[in-house]
Each structure stands twice: as C-alpha cells, then as structure tokens.
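Colleague: Below, each chain spelled out in residue letters.
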Amino acid sequence: MRIGTLKESYIADAALFDSRTQKVWLAIAAALLLLFPFMASDYWLYLACLVSINVASATGLNILTGYTGLVSLGQAAFMGLGAYTVAILQINVGSPFLLNILAGGFVAMLGGLIVGIPSLRVKGLYLAIATIAASFIAHFLFANLKFTGGTGGLALPPASLFGLVLDTSFRLYWVIVPVTVLMLLGAANLFRTRVGRAFIAIRDRDISAEVLGIPLLRYKLLSFGLSSFYAGVAGGLWAYFFRVVTPESFPLLMSIFFLAAIIVGGMGTILGGILGAVFMTMVPELLKLVFDLLPNSTSLTVYLSPVRTIIFGLLIIGFLVFEPHGLAEVWRRIRRFFHLWPFRN
Amino acid sequence: MDWAYLFEISLTGLAGGGLYALAALAFVMVYKATRVVNIAIGEMLMIGAYLFFTFASMLALPLWLAIPAAVLGTGLLGAVIERTMIRPLLGEPPISVFMVTVGLASVLVGLVEVIWTADQRRLPEFMPNQAIMIGDAFLAPKVFWGALIAVVFIAAVLLVFRFWRGGVALRATASDQAAAYSMGINVPRVFSLAWVVSAMLAALSGIIVGSIGGISSSMGVFGLSVLVVVIVGGLDSVLGALVGGLCIGLVEALAGAYLGGEYKLLATFIVLVAILMVRPYGLFGTHEIERL
Numbered sequence: 000m001r002i003g004t005l006k007e008s009y010i011a012d013a014a015l016f017d018s019r020t021q022k023v024w025l026a027i028a029a030a031l032l033l034l035f036p037f038m039a040s041d042y043w044l045y046l047a048c049l050v051s052i053n054v055a056s057a058t059g060l061n062i063l064t065g066y067t068g069l070v071s072l073g074q075a076a077f078m079g080l081g082a083y084t085v086a087i088l089q090i091n092v093g094s095p096f097l098l099n100i101l102a103g104g105f106v107a108m109l110g111g112l113i114v115g116i117p118s119l120r121v122k123g124l125y126l127a128i129a130t131i132a133a134s135f136i137a138h139f140l141f142a143n144l145k146f147t148g149g150t151g152g153l154a155l156p157p158a159s160l161f162g163l164v165l166d167t168s169f170r171l172y173w174v175i176v177p178v179t180v181l182m183l184l185g186a187a188n189l190f191r192t193r194v195g196r197a198f199i200a201i202r203d204r205d206i207s208a209e210v211l212g213i214p215l216l217r218y219k220l221l222s223f224g225l226s227s228f229y230a231g232v233a234g235g236l237w238a239y240f241f242r243v244v245t246p247e248s249f250p251l252l253m254s255i256f257f258l259a260a261i262i263v264g265g266m267g268t269i270l271g272g273i274l275g276a277v278f279m280t281m282v283p284e285l286l287k288l289v290f291d292l293l294p295n296s297t298s299l300t301v302y303l304s305p306v307r308t309i310i311f312g313l314l315i316i317g318f319l320v321f322e323p324h325g326l327a328e329v330w331r332r333i334r335r336f337f338h339l340w341p342f343r344n
Numbered sequence: 000m001d002w003a004y005l006f007e008i009s010l011t012g013l014a015g016g017g018l019y020a021l022a023a024l025a026f027v028m029v030y031k032a033t034r035v036v037n038i039a040i041g042e043m044l045m046i047g048a049y050l051f052f053t054f055a056s057m058l059a060l061p062l063w064l065a066i067p068a069a070v071l072g073t074g075l076l077g078a079v080i081e082r083t084m085i086r087p088l089l090g091e092p093p094i095s096v097f098m099v100t101v102g103l104a105s106v107l108v109g110l111v112e113v114i115w116t117a118d119q120r121r122l123p124e125f126m127p128n129q130a131i132m133i134g135d136a137f138l139a140p141k142v143f144w145g146a147l148i149a150v151v152f153i154a155a156v157l158l159v160f161r162f163w164r165g166g167v168a169l170r171a172t173a174s175d176q177a178a179a180y181s182m183g184i185n186v187p188r189v190f191s192l193a194w195v196v197s198a199m200l201a202a203l204s205g206i207i208v209g210s211i212g213g214i215s216s217s218m219g220v221f222g223l224s225v226l227v228v229v230i231v232g233g234l235d236s237v238l239g240a241l242v243g244g245l246c247i248g249l250v251e252a253l254a255g256a257y258l259g260g261e262y263k264l265l266a267t268f269i270v271l272v273a274i275l276m277v278r279p280y281g282l283f284g285t286h287e288i289e290r291l
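Chains as they are written, first to last, in numbering that gives the first Met the number 0: chain C, 0 to 344; chain D, 0 to 291.
Calculated from the structure, these hints are not laboratory results. Quick caveat: nothing in here was measured; it's all calculated off a predicted structure. Each hint should be verified, as a subset may be incorrect.
[Unchecked claim] With a Cα cut of at most 20 angstroms, we get these calculated SDA-like pairs of lysine to any residue:
1. C:Lys6 to C:Gln21
2. D:Lys263 to C:Ile136
3. D:Lys263 to C:Leu140
4. C:Lys122 to D:Ile274
5. C:Lys122 to D:Ile94
6. C:Lys122 to D:Glu91
7. D:Lys263 to C:Gly149
8. C:Lys122 to D:Pro92
9. D:Lys263 to C:Phe139
10. C:Lys122 to D:Arg278
11. D:Lys141 to D:Ile66
12. C:Lys287 to D:Leu110
13. D:Lys263 to C:Thr150
14. C:Lys122 to D:Arg290
15. C:Lys145 to D:Leu265
16. D:Lys263 to C:Leu251
17. C:Lys122 to D:Arg34
18. D:Lys263 to C:Ala142
19. C:Lys122 to D:Glu287
20. C:Lys145 to D:Gly259
21. C:Lys287 to D:Val113
22. C:Lys122 to D:Ala256
23. C:Lys122 to C:Ile206
24. C:Lys122 to D:Ser95
25. D:Lys263 to C:Pro250
26. C:Lys122 to D:Tyr280
27. C:Lys145 to D:Glu261
28. D:Lys141 to D:Leu158
29. C:Lys145 to D:Tyr262
30. C:Lys122 to D:Ile288
31. C:Lys22 to C:Leu181
32. C:Lys122 to D:Val277
33. C:Lys122 to D:Glu289
34. C:Lys122 to D:Gly90
35. D:Lys263 to C:Lys22
36. C:Lys122 to D:Val272
Make a model of the complete structure from these sequences and hints.
Modeller: Given below as structure tokens:
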C-alpha cells in the first residue's frame with residue numbers, strides 16, 4: 000500500500016500513472032528506448048527486437064491467463080497464424096506492411112475465437128490440454144495446406160514503410176518497439192474498463208461473475224480473441240523480423256516459453272508480462288555469454304543447449320516455489336523499500 | 000476393404016494401447032491421490048529407460064538386476080520430486096503445480112542430454128524374437144510381448160491397490176482427503192507413495208517403449224499421447240486410463256495405416272477435442288459439482 004497519495008476524484012484514482020515519480024521514471028525509460036538504437040551494437044538491437052516481440056505476445060497471454068484465468072498452451076500457434084497471414088499477404092498480395100500486421104492480428108483473433116469456444120464447458124487444465132490440441136492441429140495445417148509452402152515454409156521479402164526498406168534490426172526497431180508500446184498501453188488501459196474488470200471477475204470466480212450479470216461465453220471468447228490478436232500481431236512482426244516462416248517456427252515449446260514468461264514475471268500484472276518476457280529471453284543469451292567466458296569454452300559448447308534447457312526448467316520451478324508472484328512482486332518490494340526509507344525496511 | 004489388414008492393424012493398435020494404458024495408469028495414480036497433473040510423465044518414463052540403459056548396457060548388469068534397479072532408481076527420483084517440488088506447493092492453485100511439472104520436464108530433458116547426450120540409443124534385447132501370429136494376422140514380437148508385460152503389470156497394480164493397506168489408504172485419500180486424515184491415514188506419506196509408485200510404473204513402461212523404438216532425449220513426446228489418453232478417459236479414472244489407452248492406440252494405428260504417419264497425432268488430438276466437447280470431464284472422469 001502506497002502512502003501519502005491523496006486522491007480527490009475517482010478519475011485520479013483510476014489514472015494509469017498516478018504519481019510524479021512514476022511519470023519521471025517513465026520519461027527516462029522512454030528516452031532510453033529512443034537512445035538505445037544509436038548506442039547499441041547490431042547484436043543487442045537484434046535482441047531488443049526479439050524481446051519486444053516476445054513482450055507483445057506474453058502480454059497477450061497475460062490477458063488470457065493472468066487476467067481471465069484461462070490457461071492456454073496455444074499462444075505460439077496463434078503467433079504462427081499471424082505470421083503465416085502476413086507472409087502470404089506480403090508475397091501474394093503485396094499489401095502495405097502495417098495493414099498486413101493488422102490482418103495477421105485479426106486472422107489470429109478469428110482462430111482464437113474458434114479455439115475459445117470449448118472454454119465455456121471445459122475448464123482449468125482440461126482447457127490447457129485442449130489448446131495443446133489446437134496448436135497441433137494448427138501445426139498440421141501449416142505443414143500440409145497448399146498455400147503455406149509445406150514443411151519448407153515461406154520466405155518473405157523485407158517490409159518497406161514509406162519507401163524505406165526495413166531490412167536491418169536498426170530499422171525494424173523503430174517499428175517493432177512502438178507497436179509493442181502501443182499494445183502495452185492498450186492492455187494497461189483495458190483493465191480500467193468494464194471489459195477488463197469483467198475478465199478479472201471471471202478469473203476470481205466464474206460462477207460468481209455470471210451471477211453478477213457477466214455473460215461468460217461472450218467475455219471468455221473476447222478474452223481469447225484479444226489474446227490471440229496480440230499473438231497474431233507479434234507473429235506478424237516475427238515474420239518480418241526473421242523473414243522465414245516454417246511450421247517448426249512455432250513449436251509447443253514456444254507456448255510453454257510464454258506461459259513460463261508470465262509466471263516468472265508475475266501473472267495478472269502488465270509489468271509482470273514485460274519483466275517476464277525480457278528476463279526469459281535474456282537468460283539464454285546471458286548463459287551464452289557466460290559460457291564464452293569460461294576457459295576452454297569450445298569443448299563445452301555441446302553442453303550449452305542442455306544447460307539452457309535445465310536452467311529454463313529450474314527458473315519455472317524456482318519462481319513457483321520461492322516467488323510465486325514473480326518478478327513484478329520483487330519490483331514492488333524494491334519500490335516499497337525506497338518509498339518508505341528510512342522509516343521501515 | 001481388406002478385413003485381414005484391418006484386423007492386423009487393430010491388433011497392433013490395441014497392443015500399443017496397452018503400453019499407453021500402463022503409462023496412463025502411472026499418471027492417474029498421481030492425479031487421483033494428489034490432484035497434480037504431471038505433464039512430466041513422458042520424461043520420467045525416459046529417465047527409467049535411460050537408467051535401464053545405464054545398468055544393462057554400460058554397467059553390463061544381468062537383466063534381472065538391471066530392470067529392478069532402473070525401476071527403483073526412478074521411484075527414488077519420484078520421491079525426491081515429490082518432497083522438493085510438489086510438497087512445498089500444497090494448496091497452491093492447480094496451474095502452479097502444473098507449471099512446476101512443465102519445468103520439471105524441461106530439467107529432466109536437459110539432464111539426460113548432459114549425462115547421456117542427445118543421440119539415439121538402443122536398449123539391449125530381452126524379449127523373444129519370434130513372430131507372433133494370431134489367426135492370419137502378424138504382430139511384431141516386441142509389441143506383443145511389451146503389451147503382454149504391460150497388461151500383467153496393470154493387473155498386478157490393480158490387485159495390489161485393491162487389497163494392500165497402502166492401496167486402501169491411497170483410495171481413501173483420493174475420495175476424501177479430510178476424512179482420510181481424520182481416520183488416521185498419514186496423507187503426506189500417501190502423497191509420497193503415489194509419486195513413487197507412479198514413477199516406478201513410468202520407468203517400467205519406459206523400458207518397454209524404449210526397447211521397442213529405441214531411446215533418445217525426445218522420448219518425452221510419448222507423454223503427450225499419454226496426456227491425450229488420460230484426458231479422453233477422465234483424469235481421475237483408472238478405468239478411463241485403460242479404455243482411453245486402448246482407444247487412442249487403436250485410433251493412432253488406424254490413422255497411421257490408412258491416412259499416413261503424419262496424421263497420427265492429428266487424429267488423436269481431433270478425438271480429444273471431440274470428446275471434450277461432448278464430455279468435458281472425459282469418458283469416465285468425475286463431473287465435479289461447483290458450489291459457491
């Protein structure tokens with residue numbers, strides 16, 4: 000609980016950014032995001048783009064799993080839907096870049112609505128398994144339909160915006176990061192509205208929510224739709240970033256990665272989705288750096304991938320056992336420490 | 000329509016289903032007692048197979064020693080998992096515990112790759128090699144003997160859990176935890192027991208599956224089919240695990256034979272979705288009544 004903040008109106012109480020400290024820090028963060036591409040090397044720009052895409056998708060999953068309480072292991076499949084839509088539009092129609100990404104989002108949303116239909120009857124882990132089924136069916140379709148290029152997948156030309164070809168990480172950064180920030184703002188604002196609060200009510204107790212007059216099917220479907228829209232847009236960006244889309248690009252492991260990211264970050268907070276996605280994307284890279292520092296590292300490289308797998312698992316287990324509210328809670332604790340310092344710590 | 004071929008395929012499918020049933024039994028045991036969806040069942044099966052590989056091929060122990068050693072070793076692992084990862088999460092929401100087992104699966108895969116590398120290995124042959132003919136139908140010997148062993152062990156487990164005190168305690172805990180506690184049953188120990196037995200069953204089916212198809216670090220995929228089996232049968236139903244196992248085995252074999260290998264998983268997942276739409280709690284699962 001934050002002290003020393005007096006609210007005089009409901010609007011002030013519901014404001015997204017409520018204190019001056021917060022606004023200052025946000026301004027600093029925005030400035031850093033703007034300056035980052037001019038200071039960082041190509042490798043770090045590449046990572047920044049990847050992190051940004053993952054943040055968008057993880058936030059989408061957070062809407063569904065963290066805020067509505069519907070566990071999904073199909074996020075990667077929805078990303079795949081978005082990526083394939085973008086690739087097909089770009090290759091066959093050649094429509095503008097941002098339009099393609101929007102279309103990817105909407106196609107994924109449609110897929111999400113279809114997958115969401117069982118969610119009224121099927122609950123909890125049964126639903127999680129049903130979404131695994133959906134992701135396998137999607138994988139099968141990607142690999143076997145005529146226009147998806149089979150197992151070889153599709154290769155697409157770089158996007159262009161206002162005549163500028165977006166073929167480097169530096170140029171893509173200026174598209175991917177703003178889109179992600181926009182989607183984050185959208186998600187944060189969603190939970191100040193009637194719809195977002197309905198989601199939270201469903202998460203806390205769906206039968207009670209229905210008694211309160213929230214139509215369950217409509218809102219659960221809406222949550223599925225929104226979440227897959229986020230995944231679709233992220234998938235679209237992914238397609239332009241890697242420029243090759245294959246059925247193997249979106250494995251079940253990727254869905255698990257996103258679920259792990261929101262658990263590690265903290266379910267049901269926007270900040271949690273961001274921190275989790277950043278953390279989980281950076282850990283394997285940091286591991287690689289650590290491996291490079293070790294003596295006779297070339298002989299150890301065979302162990303890099305298994306060690307990454309182990310660390311990935313240990314992070315999930317460790318956070319669930321020791322820090323179930325995730326990094327967002329750690330962040331909050333740090334903030335509280337400085338806020339109350341030096342009176343209580 | 001070639002009836003003899005259909006018969007042959009169905010037999011193979013049912014035999015494969017027997018293996019699913021054994022692994023599904025391991026899964027259901029943990030779920031019934033502790034309400035934990037153990038998605039790492041495929042990886043525990045893999046650990047069992049690799050331990051057997053270590054004892055039988057690398058240390059060259061005789062079979063009668065290698066198999067029990069592998070099974071006991073995996074049982075020990077089950078106990079360790081229960082004590083260190085599952086017990087601390089008692090009372091947490093089911094999704095948390097589910098995700099812990101997801102993490103566990105990842106850790107186990109990584110460990111196998113570090114210790115035994117990711118290469119495909121072959122287990123030593125221990126099943127009779129003669130072709131099995133049932134009527135005119137041919138059945139691969141390994142599949143036949145594997146299914147037979149699975150059926151024997153399923154029967155044994157069912158009998159043991161019907162009459163042994165520990166089995167009664169487990170069933171009592173499954174039907175009502177609080178009542179079991181107040182009757183003097185040591186519920187935490189029942190939890191450990193369920194995990195140990197489940198891990199041992201998984202190891203056993205891992206040894207069979209591994210000796211049919213070889214072992215590798217991606218063997219955990221078998222667990223995905225097992226997951227489908229238990230969802231189709233109903234998470235907390237032993238009967239469901241058996242019937243579901245046979246059904247999925249049959250569906251997989253038929254889809255593989257008539258549509259092609261890539262349709263196997265697709266067919267099982269379509270069956271899964273269809274059954275979930277009609278019966279959200281699986282064929283024989285308990286329909287939980289929610290109260291506010």
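Colleague: Each of the hints needs a verdict: does it hold here or not?
Modeller: Hint-by-hint comparison with the structure:
no. : hint                 : result
1   : C:Lys6 to C:Gln21    : holds (16 angstroms)
2   : D:Lys263 to C:Ile136 : holds (11 angstroms)
3   : D:Lys263 to C:Leu140 : holds (14 angstroms)
4   : C:Lys122 to D:Ile274 : holds (14 angstroms)
5   : C:Lys122 to D:Ile94  : holds (11 angstroms)
6   : C:Lys122 to D:Glu91  : holds (17 angstroms)
7   : D:Lys263 to C:Gly149 : holds (18 angstroms)
8   : C:Lys122 to D:Pro92  : holds (13 angstroms)
9   : D:Lys263 to C:Phe139 : holds (11 angstroms)
10  : C:Lys122 to D:Arg278 : holds (12 angstroms)
11  : D:Lys141 to D:Ile66  : holds (17 angstroms)
12  : C:Lys287 to D:Leu110 : holds (18 angstroms)
13  : D:Lys263 to C:Thr150 : holds (17 angstroms)
14  : C:Lys122 to D:Arg290 : holds (15 angstroms)
15  : C:Lys145 to D:Leu265 : holds (18 angstroms)
16  : D:Lys263 to C:Leu251 : holds (17 angstroms)
17  : C:Lys122 to D:Arg34  : holds (15 angstroms)
18  : D:Lys263 to C:Ala142 : holds (14 angstroms)
19  : C:Lys122 to D:Glu287 : holds (11 angstroms)
20  : C:Lys145 to D:Gly259 : holds (18 angstroms)
21  : C:Lys287 to D:Val113 : holds (16 angstroms)
22  : C:Lys122 to D:Ala256 : violated (34 angstroms)
23  : C:Lys122 to C:Ile206 : holds (12 angstroms)
24  : C:Lys122 to D:Ser95  : holds (15 angstroms)
25  : D:Lys263 to C:Pro250 : holds (17 angstroms)
26  : C:Lys122 to D:Tyr280 : holds (9 angstroms)
27  : C:Lys145 to D:Glu261 : holds (16 angstroms)
28  : D:Lys141 to D:Leu158 : violated (26 angstroms)
29  : C:Lys145 to D:Tyr262 : holds (16 angstroms)
30  : C:Lys122 to D:Ile288 : holds (13 angstroms)
31  : C:Lys22 to C:Leu181  : holds (17 angstroms)
32  : C:Lys122 to D:Val277 : holds (14 angstroms)
33  : C:Lys122 to D:Glu289 : holds (12 angstroms)
34  : C:Lys122 to D:Gly90  : holds (19 angstroms)
35  : D:Lys263 to C:Lys22  : violated (55 angstroms)
36  : C:Lys122 to D:Val272 : holds (13 angstroms)
When the structure is compared with the earlier hints, violations turn up for hints 22, 28, 35 and for no others.
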